[in-house]
Each structure stands twice: as C-alpha cells, then as structure tokens.
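Participant: All chains, please: the whole structure from these sequences, using the hints.
For the sequence shown, my numbering gives the first residue as 110, with consecutive numbering after it.
Just so you know, the hints here were simulated from the structure itself, not pulled from any lab data.
Since we're looking at a predicted model, the values are computed, not measured.
Be careful, since some hints might not be right.
What the hints assert, rightly or not - Cβ-Cβ distance ranges computed for the label pairs, FRET-style:
1) Gly235 with Asn178: 25 to 31 Å
2) Ser229 with Asp189: 29 to 35 Å
3) Val188 with Ala245: 39 to 45 Å
4) Pro207 with Gln144: 24 to 30 Å
5) Val139 with Lys196: 42 to 48 Å
6) Asn112 with Gln144: 48 to 54 Å
What the hints assert, rightly or not - Straight-line alpha carbon distances no greater than 27 Å define the calculated DSSO-like cross-link-like pairs of lysine-lysine that follow:
7) Lys179 with Lys222
8) Lys222 with Lys202
9) Lys222 with Lys142
10) Lys113 with Lys212
11) Lys202 with Lys179
12) Lys236 with Lys192
13) Lys196 with Lys172
14) Lys151 with Lys179
15) Lys222 with Lys212
16) Lys151 with Lys200
For every residue, glycine included, the Cβ atom is placed at its ideal position computed from N, Cα and C.
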Amino acid sequence: MKNKGFTLFEIIISLTLLLIVSGFFVYGNVFIKSQQEQQLHKLVSDIRYIKQLSLQKGNSSNKIFIQINKEDNSYTINVDKDKKTVKFSDKIKIETFPTNEGKIIFEGAESDKGITIDLSSSTNTGKKYYKLTVAAISGRVKLTEENK
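Facilitator: Written out as structure tokens, the structure is:
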C-alpha cells in the first residue's frame, strides 16, 4: 500500500517556512510605517523646539524659524545663522502649505496666525493623510490622522 499523505515532519517544515516568509512581509510593512511616523513626529518635535527657542531667546528679528520646502519635500530649521535641513522619505509628501513663503515663525510669546499643513504617506496598504496644526495664540502643535 502506497502512502499518499504528508508526514507530520513535512507539514511542520511547510508551516514553518510559510510563517517565516509571512513574517518578513509583515515586518517590512510595520518597519516602513514606523519610519514614516517617526519622520512626521520629528517634524512636530522640531516645530515645538523652534517655539521653545523663540520664547527663550526672543524672536523679534525673526531669525528663528522653520522653512517648509514643498518642491524639495523637506524642511529647514533656521536658528540665527545655523541651518539644518531634514528631507522626508519618498513615501511622505507635503500636500498643502498655507503661505507662499513656507515659513513657520514664532514671535515671542504668541504666534499671530494659525497654520495647517496637509501631509500624506504611502504604504503597501494604501495612502494615509495627516493634518499638522499650529494653533494661533498658544502655538500648540498637533498631528492628527485624517480619513479621506
């Protein structure tokens, strides 16, 4: 009589290989998503840093600001004469920015106008949209995920 079924050993090996391959796929998606969220939270952190620095030093001459570059998909932190440019990955895109200058400036204790920046990130599972809001008077920085 010929045995036409699989042995327990063959089934265990097959399932193990399947789990390993699927683990790489899931890990890759989670890792990419995590990197994108870290970049967005870094932008929020940098805006808060500029706000604090403006409060400490006084920013009457507007030498402390963040310059958003939509075409280059990056932003530059300007503190007096020091500049640091941070470029987003290809998966993150700055959708809209309200001013032509592309600057976020905190003048002393309060900012005269609120700013909203629309951002998007692409993953294998689809596109996510985010709204970064800097409140008018308090300067509160908030990043929220939107459904579109």
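Participant: So, for every hint listed, does it hold in this structure?
Facilitator: Each hint tested on the structure:
Remark: the range hint 25 to 31 Å for Gly235 to Asn178 is upheld by a beta-carbon distance near 26 Å. In this structure the supplied range 29 to 35 Å holds for Ser229 paired with Asp189, their Cβ-Cβ distance being about 33 Å. A hinted range of 39 to 45 Å is violated for the C-beta pair Val188 and Ala245, which are about 23 Å apart. Restraint check, Pro207 to Gln144: a C-beta distance of roughly 27 Å satisfies the suggested window 24 to 30 Å.
Range check, Val139 to Lys196: Cβ separation about 23 Å, and the 42 to 48 Å hint is violated. For the pair Asn112 and Gln144, the supplied restraint of 48 to 54 Å holds, since their beta-carbon distance comes to about 49 Å. A threshold of 27 Å between alpha carbons decides the hint, and for Lys179 with Lys222 the separation of about 20 Å falls inside it, so the pair holds. Between Lys222 and Lys202 the CA atoms are separated by roughly 24 Å; this keeps the pair inside 27 Å, and the hint holds.
Simply put, Lys222 and Lys142 have alpha-carbon atoms about 32 Å apart, too far for the 27 Å limit, and the pair is violated. Pair hint Lys113 plus Lys212 does not hold up; C-alpha atoms about 71 Å apart against a cutoff of 27 Å. As the CA atoms of Lys202 and Lys179 are separated by approximately 8 Å, the hinted pair is consistent with the 27 Å bound. For the suggested pair Lys236 and Lys192, the alpha carbons sit about 31 Å apart, so the restraint of at most 27 Å is broken.
With a C-alpha separation of about 21 Å, the suggested pair Lys196 and Lys172 falls inside the 27 Å cut-off, and the hint holds. For the hint linking Lys151 to Lys179, the alpha-carbon distance of about 17 Å falls within 27 Å, and the restraint holds. Between Lys222 and Lys212 the CA atoms are separated by roughly 12 Å; this keeps the pair inside 27 Å, and the hint holds. As the CA atoms of Lys151 and Lys200 are separated by approximately 15 Å, the hinted pair is consistent with the 27 Å bound.
In summary, the structure is inconsistent with hints 3, 5, 9, 10 and 12 from the numbered list given earlier, while agreeing with the others.
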